[in-house]
Amino acid sequence: MKAFDIAVKDVLHGLRSSIFLVFTFAIPLLITGLFYFMFGRISQESDFSLPTTKIIIANLDKGGPRFQVSTNSIPGGKRAHTMGELIVNILSDEEMADLIEVTLAPNAAAAKAAVDNQQAQVAIIIPEDFSQQYADTYGEAQIEFYQDPTLTIGPMVVRSIMDQFMDGMSGVKIAITVALDQEEVVTSTLIGNMIQQYITSSLAQSKDVEEELLTIIPPKSGVTDTVQEEKNMLLSIVTPIMGGFMTFFAFYTGTASSENILQEEEKHTLQRLFTTPTRQSEILSGKFLAVFLTVFLQIVLLIISSHFIFGIRWGAFPNIALIALGIIFAASSCGIFINSFLRDTKQGAVIFGGILTLSGTLGMIRTYGFISTTETLGNTVSLLVPQGWAMRGLLQVMDGAAFPNILITFGVLLAWSIVFFIVGVRRFNHRYA
Amino acid sequence: MDAIEVNDLYKSFGDVKAVQGVSFTAEQGTIFSLLGPNGAGKTTIIAMLSTLLRPDQGDAKIMGYSILENPMGVKSVLGVVPQEIALYEDLSARENSTFWGKMYGLRGSILKARVDEVLEMIGLTDRAKGAVSKFSGGMKRRVNIGVALLHKPQVIYMDEPTVGIDPQSRRNILDSVVALKNQGMTVLYTTHYMEEAQELSDKIAIMDFGKIVASGTHAELVKIVGQLDRITLTINAEGSQVLETWKAISGVAQISSENGFLTVLAEDSNLVLPRLFDSAASLNVRITSVNILEPNLEAVFLHLTGRALRD
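Chains as they are written, first to last, in the working numbering: chain E, 1 to 433; chain H, 1 to 311.
Looking at chain E on its own, in the form it has when it is part of the complex (with noise of 0.2 Å):
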């Protein structure tokens, strides 16, 4: 009953510093409404969209060898004759209408001067020996891209899709150049056949950055489910912000809490608690039993007020109900461990500054797995510490996992506990013996 005192007094202690409730419950849900609101901008403004960029090309290219490709290939149903023409013909398809608009120029001459006038954002020089060069094994074709310095958005997107044909080009090209060594015979057919598959690979790469670019381009009719899917998109990206914010500020609750021990010894009311009948277990359990209270406190709020707030589904109830124990047992631990280390509060600045914001980013890294080449190194390294896994468990209730798998994170985090708690503990009551 006197530890159940004690927890009482120490969560409305915390709950009466304004410091600590902004860091507590406010600033999780500060970071998260900046990001929800800096996405839900973008994805509410319904007439936005990517402007077209205007594209001059100077197509001067004189051929070179003959390849025949099928009209139904070659957007438009155009005839190729030259690899100039395919480019032309491959930027002004109808597809990239909404992305691009191209004109045709006499010369490079010419379309440099458009972009210098403004006419046009980026010219496109294609030489006179580009299919000539492109034929040959030794050679080299080259695009001139010429751009308007001050845009970035328009050109890049170009630029995009140039990079993709001339990729593909490359490897078509070494494909012919394997299949000449192999062969022995040059046929307009192999040749064409090539370019076939390319053009065919390469319409469905522009298709695919089509799709991504245009995403956020909600379509004309349908409102009802776009808003929806406006929605998803707005969430799949704010939740496992959010997700992470509570867990790092959790862990950051839980070593503030704890510290409270610390506080209490400085400010003498610890030795005067330990001079009432009152046994050290029970003061001692009564301090981490509010540990324990204010993250408990702190995870249900932010679940439900980011819930009512952002409309953030944390998934089925008993799937979050054991992640958010999980992190809460985790969080409260460990900050009586960390804790436990200290002599006195002013370590705990450095402890909070160093220890907390390291182990916390590592955590996050999966959250925020900005670099996909790293993402299973970051996934990986983010299980070193309790704040990945905690993240891990979110994640998978957000994703729907199966409850198997729920429960094995959260066996992980009870691990993580009952190491923490035990540390912490011993080294309390030995500090106090």
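Errors might be hidden in some of the hints.
[As the list claims (entries may be wrong)] Lysine to any residue pairs mimicking SDA-like chemistry, simulated, CA-CA at most 25 Å apart:
no.	chain 1	residue 1	chain 2	residue 2
1	H	Lys-152	H	Met-194
2	H	Lys-181	H	Lys-134
3	H	Lys-129	E	Leu-270
4	H	Lys-134	E	Glu-282
5	E	Lys-267	H	Leu-119
6	E	Lys-267	H	Ser-92
7	E	Lys-9	H	Gln-83
8	E	Lys-267	H	Met-72
9	E	Lys-267	H	Lys-181
10	H	Lys-112	E	Leu-358
[As the list claims (entries may be wrong)] If you only want the chain E side, here are some residues facing chain H, beta carbon under 8 Å, derived:
no.	residue
11	Lys-2
12	His-13
13	Arg-16
14	Glu-265
15	Gln-271
16	Arg-272
17	Leu-273
18	Phe-274
19	Thr-275
20	Thr-276
21	Pro-277
22	Thr-278
23	Arg-426
24	Asn-429
[Said to hold, decoys possible] Away from chain E, derived, C-beta distances all over 12 Å, residues of chain H:
no.	residue
25	Ser-76
26	Tyr-88
27	Lys-102
28	Asp-116
29	Asn-144
30	Ser-176
31	Asp-208
32	Val-222
33	Phe-277
34	Thr-305
It should be emphasised that the hints constitute simulated quantities derived from the structure, not laboratory data.
What you are looking at is a predicted structure, and each value in this text was computed from that prediction instead of being measured.
Beta carbons are placed, not taken as given, at the ideal position from N, Cα and C, and that holds for glycine.
Fit chain H to the known structure of chain E by using the hints.
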């Protein structure tokens, strides 16, 4: 019956011998003071008697409970007023009292009644809802004392409770200590203020460097340095003019003249001083200044340690 029996306590912190073989007893319903300068070992003794520190050697019994064998028994009869303000400053006076009352095992209506009584006792009923952080130093001290009284302890330790407060609050605290004694509590009081120990105490132990250098009632301690009052005077003439005449005055034990000051040792300055004035008038000499120093604990400490109490 002795409420406090301290038997040969020792405590060291590394090379520092904080308490060295301290023994004393305090009768129930009395005020026992530990008087000594800062660092004398008073607070360490309080910490050991509160069971916060385990002595390296020796034992003590509080109302019959051994601090080593039955610390919970000791705590149940004990109220401790620490030197520091050990309160939750963000809580109100009532909330603090209620919380500490619970820690002393009080519940329900008894707790509420005791909180009301104590708030009344310390004169803070009107400010009961105010956060302690907003209180003056004196008010905080009163709350600090009040929470130690909630469970009506049989023995109360007060560790320098008047440090750093204004004279009025100090007066209130000293009066409340006497009031506690009158209610039958045994008070163990530590101070480095000689006047407080002298005014309050039934028995005093003078401490220095972890040891009790003398103990007893105020009168017993003063006897150590003798019972003569010291009267220091200046006159508007040579001291030699009055020296022989005054030596013969009844009640004057000794007289000397040095550096323009006449020093008279007398059994009772109240009786001797008028006679000195009469004699001076008859000799046509004027007494221009008088200073009377009765034998006190300061003198005792000086006598025993060779240092002033406030050094």
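(request) Could you let me know if the closest chain E CB is still more than 12 Å away from the CB of H:Ser-176? (result) Per Cβ check, H:Ser-176 is outside 12 Å of chain E; nearest 19 Å; holds.
(message) Checking one constraint from the list: CA of H:Lys-129 to CA of E:Leu-270, max 25 Å. Satisfied?
(response) Measuring from Cα to Cα gives roughly 23 Å; hence the hint holds.
(message) Given E:Thr-276 as an interface hint, is its Cβ closer than 8 Å to any Cβ of chain H?
(response) holds (4 Å)
(message) Over 12 Å from every CB of chain E: does H:Lys-102 meet that, or does the non-interface label fail?
(response) Violated, since 5 Å does not exceed 12 Å.
(message) Is the interface hint satisfied for E:Phe-274? The criterion is a beta-carbon contact with chain H at less than 8 Å.
(response) This interface hint holds because 6 Å falls under the 8 Å limit.
(request) Please verify that hint: E:Thr-278, Cβ, nearest Cβ of chain H, below 8 Å or not. (result) holds (5 Å)
(message) The output says H:Ser-76 does not contact chain E. Does that hold with a beta carbon cutoff of 12 Å?
(response) violated (5 Å)
(request) Against chain H, run the beta carbon of E:Lys-2 and see if the smallest gap drops under 8 Å. (result) holds (6 Å)
(message) Quick check for students: does the CB of H:Asn-144 sit more than 12 Å from each CB in chain E?
(response) Given a closest Cβ separation of 9 Å, the condition is violated.
(request) Please verify that hint: E:Gln-271, Cβ, nearest Cβ of chain H, below 8 Å or not. (result) holds (6 Å)
(request) Sort out whether H:Met-72 lies within 25 Å of E:Lys-267, counting only the CA atoms. (result) With a Cα-Cα distance of about 23 Å, the restraint between E:Lys-267 and H:Met-72 holds, given a limit of 25 Å.
(request) Quickly compare the C-alpha distance for H:Lys-134 and E:Glu-282 to 25 Å and report which way the hint goes. (result) Roughly 30 Å separates the two Cα atoms, so the pair is violated.
Consistency with the previously given hints fails for numbers 1, 2, 4, 9, 10, 14, 23, 24, 25, 26, 27, 29, ordered from lowest to highest.
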